[in-house]
Structure formats: structure tokens, C-alpha cells
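Undergrad: Line by line, the protein sequences are chains P and D.
The numbering used here numbers the first residue of the first sequence as 1 and each following residue consecutively.
The numbering used here numbers the first residue of the second sequence as 1 and each following residue consecutively.
Just so you know, the hints here were simulated from the structure itself, not pulled from any lab data.
Backbone N, C-alpha and C define an ideal beta-carbon position, used for all residues, glycine too.
Heads up, none of these hints are tricks.
Label-pair ranges, simulated between beta-carbon atoms:
id, chain 1, residue 1, chain 2, residue 2, range
1, D, Lys69, P, Ala80, 43 to 49 angstroms
2, D, Gln45, P, Gly16, 33 to 39 angstroms
3, P, Ser73, D, Asp8, 35 to 41 angstroms
4, P, Thr5, D, Lys111, 27 to 33 angstroms
5, D, Gly62, P, Thr9, 28 to 34 angstroms
6, P, Arg57, D, Glu16, 41 to 47 angstroms
7, P, Gly84, D, Val29, 27 to 33 angstroms
8, P, Ser65, D, Gly62, 40 to 46 angstroms
9, P, Trp95, D, Glu20, 31 to 37 angstroms
10, D, Glu16, P, Arg15, 44 to 50 angstroms
11, P, Glu54, D, Gly53, 29 to 35 angstroms
12, D, Leu51, P, Glu51, 21 to 27 angstroms
13, P, Thr9, D, Glu58, 29 to 35 angstroms
14, D, Ser26, P, Arg57, 17 to 23 angstroms
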Amino acid sequence: DAGVTQSPTHLIKTRGQHVTLRCSPISGHKSVSWYQQVLGQGPQFIFQYYEKEERGRGNFPDRFSARQFPNYSSELNVNALLLGDSALYLCASSWGTQNTEAFFGQGTRLTVV
Amino acid sequence: AQSVTQLDSQVPVFEEAPVELRCNYSSSVSVYLFWYVQYPNQGLQLLLKYLSGSTLVESINGFEAEFNKSQTSFHLRKPSVHISDTAEYFCAVTHTGGGNKLTFGTGTQLKVEL
Chain P
1 DAGVTQSPTH
11 LIKTRGQHVT
21 LRCSPISGHK
31 SVSWYQQVLG
41 QGPQFIFQYY
51 EKEERGRGNF
61 PDRFSARQFP
71 NYSSELNVNA
81 LLLGDSALYL
91 CASSWGTQNT
101 EAFFGQGTRL
111 TVV
Chain D
1 AQSVTQLDSQ
11 VPVFEEAPVE
21 LRCNYSSSVS
31 VYLFWYVQYP
41 NQGLQLLLKY
51 LSGSTLVESI
61 NGFEAEFNKS
71 QTSFHLRKPS
81 VHISDTAEYF
91 CAVTHTGGGN
101 KLTFGTGTQL
111 KVEL
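Can you make the complete structure from the sequences, with help from the hints?
TA: Set out below in C-alpha cells:
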């Protein structure tokens, strides 16, 4: 079975641009969460989606948004990119929302110049 | 709110020596605790977890961690490390009813030397 897949793996954007990151969960998993991992730090929770509904949001500005599709895949969108948005963005999938094991993808490395 | 503290940013150790990576958490409610490992340029892999029951949990590759509620700790140990254990280790916490929102520590870089 395929694990959590994220695309693209690497991305370079200019300040002020918009970016869309994509995630496909493990087959059968209905929940997707997004995390931002800045170099040298632990991952920070951004969003959780379950059955296409937002179930949790971390302390991130409104420039960050996400959605989940009927096939449970998800997109993370970031508008008006700042240099500080440079990070590894991780997607995690799980079967449900209550303390079930989260499986992480390889991440998308975003560099904002 | 919850928080996780990993006091050691780097831990160098010789191969076949024992190691302990420290993790302390803060939470006002019951918690679930996790250790994840991250190899260079990769995502996170679950190493072990404490949900309930026995306070000592073990992984398939020789790591173990003990949940200590009174000391609010979940330290990771291995009696004999291998060069392949070199990686970044993250402790994470979530609370009962908290969904899968994980709060991570800042990580500990374990460097195993020959």
C-alpha cells in the first residue's frame, strides 16, 4: 500500500506569491493534518480536516488555508508568501480524529526568496 | 494548553553505548505521548506511543520509553545504539479528546559515532 504522498517535494517561490501544496492520504484514512516544520524546530500544527470539514486550526495567519476533497486528498494554500514561510510542510493522515496513529508524508520543502 | 520540552538539542554517543533522550510535558488533562524519528530529508516515523495501560512501551528496534505521570516525563532509552540510529528524535503530546493535533518538542539530534 502506498503511504502518504505529498507533492511537490521541493518548491521555490518569491515573496508575495501564492503556493499550493498537495497531499494524498493512505487509502482508507479520512483525516488529514498539516504541519509546518521550520529548520531546527519541531513541527507546528496548522490544520486538521476530517470528512471534508475543518476540525482544528493552529495559530497561523489567515494567509494559510486548506481544504479536503471527496477522495480525502487535501491542499494547503499559502497566500502572500513571506520569507518566514520557508519550511518543510508535512502532511499526516489517520483513520479518524480521536488519537489514532498519524502517518506522515515525506514533506514539501518550500523556500521563499 | 500543552507543551513539550526536550532539553537536549544534541546527544553524541558512541556505538553500542546506552542513550537516554529526555522529554518532559506540561498538560492539565490526561495525555497521550509519542516519540517520532526523522531521518535526513524525510518525514516523521512513529517510534512508539503511550495511550494507556503499561507505562513502559517498547519499539521493534530496541527503543523503550516510560511514562512517568508524577514527573511528567516520557524519556526515550536504548541500551545499545547503532550507527543507523543517528537521526532527529521528536517527542509529541496530545490530550484525550484532542483529536490528532500533536504538540511537538524542538527535537534531539542523536549522533552515534564509531
